[in-house]
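Chemist: Mapping the sequence shown onto the numbering used here, position 161 (from 1) lands on 161, and the numbers just tick up by one.
If you are wondering where the hints come from, they were derived from the structure by calculation, not from laboratory data. One or more hints might be untrue.
Said to hold, decoys possible - Using 27 Å as the maximum straight-line C-alpha spacing, the simulated DSSO-like pairs for lysine-lysine come out as follows: (1) Lys-235 - Lys-218; (2) Lys-311 - Lys-272; (3) Lys-38 - Lys-80; (4) Lys-199 - Lys-30; (5) Lys-88 - Lys-70; (6) Lys-340 - Lys-272; (7) Lys-283 - Lys-272; (8) Lys-272 - Lys-31; (9) Lys-321 - Lys-272; (10) Lys-57 - Lys-82; (11) Lys-259 - Lys-321; (12) Lys-38 - Lys-62; (13) Lys-218 - Lys-272; (14) Lys-248 - Lys-218; (15) Lys-38 - Lys-70; (16) Lys-321 - Lys-248; (17) Lys-30 - Lys-272; (18) Lys-30 - Lys-57; (19) Lys-311 - Lys-283; (20) Lys-87 - Lys-71; (21) Lys-311 - Lys-30; (22) Lys-80 - Lys-70; (23) Lys-199 - Lys-248; (24) Lys-87 - Lys-30; (25) Lys-235 - Lys-199.
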Amino acid sequence: MNFRIATYNVNNLFRRTALLQLEGFSAAAKKVLDDITKLNLLLERPVYDAAAKADIKALLEKYEFQRSTKKTWFTINIVKGKLYSVKKNPTRIEVVANGRAEWVGWVELVREDVSGVSVENTARVIQAFQPHVLCVVEVEDRIALDRFQSQVLKKFNATFKNNLLVDGNDERGIDVGLYSQFPIRSVRSHINEPNATGKGHLFSRDCPEFEVILPNGKSLWVLVNHFKSQGYGLKASNDNRRKAQADKVREYLARFDLKNDLVAVAGDFNDKAQNPPVNPLQKLLATPNLRDVFDSPGFGAAPRWTYGSGKQQLDYLLVSKPLFDGVLQVGIERRGMFSKTNFGGAFPHFPTVTDEATHASDHAAVWAEFGPF
1 MNFRIATYNV NNLFRRTALL QLEGFSAAAK KVLDDITKLN LLLERPVYDA AAKADIKALL
61 EKYEFQRSTK KTWFTINIVK GKLYSVKKNP TRIEVVANGR AEWVGWVELV REDVSGVSVE
121 NTARVIQAFQ PHVLCVVEVE DRIALDRFQS QVLKKFNATF KNNLLVDGND ERGIDVGLYS
181 QFPIRSVRSH INEPNATGKG HLFSRDCPEF EVILPNGKSL WVLVNHFKSQ GYGLKASNDN
241 RRKAQADKVR EYLARFDLKN DLVAVAGDFN DKAQNPPVNP LQKLLATPNL RDVFDSPGFG
301 AAPRWTYGSG KQQLDYLLVS KPLFDGVLQV GIERRGMFSK TNFGGAFPHF PTVTDEATHA
361 SDHAAVWAEF GPF
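Starting from the given sequences, assemble the full structure and let the hints guide the process.
Modeler: Have a look at this one:
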């Protein structure tokens, strides 16, 4: 039989961190995330001296924690003890905890509902190419996968029989998962893969390895990825982390016989093929017997861009030799993206995509059909 594999960064299905709703790699979002990082580091100190308390107070007041209004970007969930109190005349914050042991809680990012039209446009994108196996990037959790399938995809006659997701390392609710028409026999998570220092996680989300059983009984191995973003932090640091992630994926591939096994590596790699001087994807893209489906004769010289700028390929579908030899069709579904000019008039969107609030995602979906197997 023939079957289709696809990858799609959906920008969440129902609820999305408010900071991520800001357009592109927003400088405004970066400033808030930098402040949240500073606040988290301060809050984790075992002792809050006078200077630390002053810094905590300044950050909390900057984001109006002295007021009872709904918070725009983040909240602090306090389940035991007390971190601060609000004083009157003048209204101000007073940090009352003397260290981390005196309270239990955490900083939590505020989430917003994705518009109903946007949710349905995501389903329209998936319906357009009807994949058998879909790598899904930036999903809240497995329950969201399940609800999207039963409540939205069903309406578009585009449901899947199986789905699976393992909670990853990103607290913003942008994990990676899998939809499949075929049984998913196993999953191997790499959330605990250490970084070079041994003090943190290598993968920003995860690199789960899914084993899917095809109708002929053969195993299809799918490694789903969402590498370090370009938008926040220093470019050199981001590029080096992305390189470490991509190089580790290549190490995982050494366990497979890419000349004979059916293996796909897919997702949002957050980089172009050449990005000097670090070139994060270089080794992964040069893995023997692993090819980008865009290199197949059927795709030809068509534009490869997959991201909202209309210039970069950030989303990849790499496949082992037997899959690449069996490529029948390759496509990029861009109609869920919004552009005021339809990307120069060459790439129109669905009629229901009228602005950034209604677009399905700022990424296109990449798909390929393989067969016969």
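Chemist: Next step is simple, just say for each hint if it's right about the structure.
Modeler: Okay, the hints, checked on the actual structure:
{"no.": "1", "hint": "Lys-235 - Lys-218", "verdict": "violated (42 Å)"}
{"no.": "2", "hint": "Lys-311 - Lys-272", "verdict": "holds (10 Å)"}
{"no.": "3", "hint": "Lys-38 - Lys-80", "verdict": "holds (22 Å)"}
{"no.": "4", "hint": "Lys-199 - Lys-30", "verdict": "holds (24 Å)"}
{"no.": "5", "hint": "Lys-88 - Lys-70", "verdict": "holds (19 Å)"}
{"no.": "6", "hint": "Lys-340 - Lys-272", "verdict": "holds (24 Å)"}
{"no.": "7", "hint": "Lys-283 - Lys-272", "verdict": "holds (13 Å)"}
{"no.": "8", "hint": "Lys-272 - Lys-31", "verdict": "holds (25 Å)"}
{"no.": "9", "hint": "Lys-321 - Lys-272", "verdict": "holds (22 Å)"}
{"no.": "10", "hint": "Lys-57 - Lys-82", "verdict": "holds (14 Å)"}
{"no.": "11", "hint": "Lys-259 - Lys-321", "verdict": "holds (5 Å)"}
{"no.": "12", "hint": "Lys-38 - Lys-62", "verdict": "holds (13 Å)"}
{"no.": "13", "hint": "Lys-218 - Lys-272", "verdict": "violated (32 Å)"}
{"no.": "14", "hint": "Lys-248 - Lys-218", "verdict": "holds (26 Å)"}
{"no.": "15", "hint": "Lys-38 - Lys-70", "verdict": "holds (22 Å)"}
{"no.": "16", "hint": "Lys-321 - Lys-248", "verdict": "holds (20 Å)"}
{"no.": "17", "hint": "Lys-30 - Lys-272", "verdict": "holds (22 Å)"}
{"no.": "18", "hint": "Lys-30 - Lys-57", "verdict": "holds (21 Å)"}
{"no.": "19", "hint": "Lys-311 - Lys-283", "verdict": "holds (22 Å)"}
{"no.": "20", "hint": "Lys-87 - Lys-71", "verdict": "holds (18 Å)"}
{"no.": "21", "hint": "Lys-311 - Lys-30", "verdict": "holds (22 Å)"}
{"no.": "22", "hint": "Lys-80 - Lys-70", "verdict": "holds (21 Å)"}
{"no.": "23", "hint": "Lys-199 - Lys-248", "verdict": "holds (17 Å)"}
{"no.": "24", "hint": "Lys-87 - Lys-30", "verdict": "violated (30 Å)"}
{"no.": "25", "hint": "Lys-235 - Lys-199", "verdict": "holds (21 Å)"}
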